[in-house]
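Undergrad: Protein chains in written order, with my numbering: chain D, 1 to 534; chain S, 535 to 670.
Among the hints, erroneous ones may be present.
Only some residues are given here: those of chain S computed to face chain D with a beta carbon under 10 angstroms [unchecked claim]:
hint, residue
1, Ser-561
2, Ala-619
3, Phe-637
4, Arg-652
Derived by calculation from the structure, the hints in this document are not laboratory data.
Ideal Cβ placement from N, Cα and C applies to all residues, glycine included.
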Amino acid sequence: MKQGHTQGHTNVLLIEDNPGDADLVRLRLVESHSDVQVNCVPRLSDALASLDAEEPTLVLLDLDLPDSHGAETFRRIMRKAPNVPVVILSGRDDEALAIKAVQQGVQDYLFKSDLTSKQLGRALRYAVERQGLLHALEITRKQQIEFKNQFLSHVSHELRTPLTCIHQYVTILLDGLAGPLAPDQSEHLKIVLKSVNQLHAMIRDLLEATRAESGKLRVEPGCIDIGELVHQAVAMMRGTAGEKNVGLKAEAVEAIPLVYADPNRILEVLINLIDNAIKFTPPNGSVLVKASTVDTDPSTVYLSVSDSGRGIPTESLPLVFDRLYQDPNTVDGNRNGLGLGLYIAKQIVSLHGGRMWVASQPGSGSTFSFTLPLYSLAKLLTPVITCKGRLRENIVLVCVELTPVSNVLRGSWKETCQRSLDLLRLCIYVDKDLVLPPIGSSGPVKTFFVVASTDMARAGILMNRIRDQVGALPELTDSGTLQVTAEMVPMPPAAAPGILEQQVLVVADRITEIIQQDLWTRRKFADENQENAH
Amino acid sequence: MNRAKIMVVDDDFDLRQALSLRLRANSFDTVNVCDGYSAIAMAQKEKPHLIILDLGLPAGDGFAVLKNLQHFPALASIPVIVLTARDPAANEKRTLESGAVAFFQKPFDNEEFMSVIRASLHSRWGRELSHREQHA
């Protein structure tokens, strides 16, 4: 930190526009402190600049300056240097304002009219001492929060070891690996297993909430097909809904543009909301998950989970996202968890730059909604598809598809895809081509897109290079296949100067369209395959 | 029929026993060790087809074991599945980069765990076996 009193002398920044007053205060200061250094400035702007250059031991401040008046003056000083004590030089007529300043964090005030060196010296020492104490308190507070977070993180990790042991032996018994069980015994053990799973979920939530609080929650946003994610979440929760005989449906508008978000995290949020909705919906009720866009807010996607449950009382609505909030009306037997799920979900959404809120009519259900930003391809494309202020003549979209052989390991396939992507990035010309950020997809087939500023003939060379380089990756030849295809991107009419930005947007839209068409075809194909399999 | 041999490396005695019991019930042979040093020594002696490895271990942690396995040509290709209480955010990527084929956090899903074991054995040991049979 920049500090002016490291050598033990007192460094005072005096902000006073009246030269007579300034001289008087300077004189009293020197009388009270033999080692005082006074830097006097007449304006707030000078003072702020001086605070930027060096932090003084203390600020002595007149509230009425040529460029600032009243409360605004001390607020701006305190915002600029929150750790420097401020003492106000007040006139008899504005004591009320000085008292207000003290209430807002100024250390003290003195009357200019009867300033003695003794009084000034005392005020100065006390101000510095008190500020020091406040600072120490703040540090202690931060240390305590850090300690608490470390403690929680340590504890939740340590709890996992014995929990794993309980889980293992319970499932050994339940799976009959230690001999047959009587029906009663089996039922009892299932209850143990259910409780173990609840405890497991609580440990997970505890750790996540701790991370959220200490700002360590991380999201890795990519370009994702939100419709697919909604379908996936619904598929994963169908079992839970079925057990309770609650209807669960997804309604994702087909034409939703790609979203910029972390697919794993958003899946977690959706599952959390759906799980909650099912929990609070009686049998024969229904839960609906929706993804949509609205014309008034074109850069955002809206997601919602609605249930036909009993709803949330109006007075509880502002509390549901609080840490540790639990529904007070939960009937016995329906255990609540820690009350961290919605808190974590909201944190995850805000890390994406989105909002989350709830609307509810007691008696007729609740709707939890959140927003996510759409993915902006135009920004990414500009340096590649433009040259000297004009759009390039030809642009080709190359699609690189990696399909794993069946029964390949998830972890090693992920690695293989990552290595392929690294290699792919080496195949292109960085100033003319661009590998688009990977499109998050839950399925095992991984698709990478390359935007190449070139014509079809040259694109062929690039495609061959990709086949040679990526296709030769030993991990890939072992565990999957590579397919490279290309498509011309239709270009807008020849450039009229000055509307380059719009043209980039048009190209970005066309590329997005091609990619989405591709993803939807793939999804439909996968859905049909699934249906045929049933 | 050849039974695959799986080595379990974990410093928790009870968990080692539980894992062995489940693996044997699934027709695998098992070898148990409790620290990083014995893991390498036992791997050299027993030549397991797969290793289940904890990260927090005495006498050389899981990362040291992964690294040391790479030093022995006979051991370098044994698939290793990491099974740990530690945080995946801080450890999953690193273990996969160090040569593990999969990462599981404790507590883990039995079915998923067994299917990954089978798939790992299928993809590496299976090939080796058919290779041996062809040349037998």
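Undergrad: Work down the list of hints and note, for each, if the structure agrees.
TA: Cross-check of the supplied hints:
1. Ser-561: 12 angstroms, violated
2. Ala-619: 4 angstroms, holds
3. Phe-637: Given a least distance of 6 angstroms, the restraint on Phe-637(S) holds.
4. Arg-652: 8 angstroms, holds
The structure fails hint 1 only (numbered hints given earlier).
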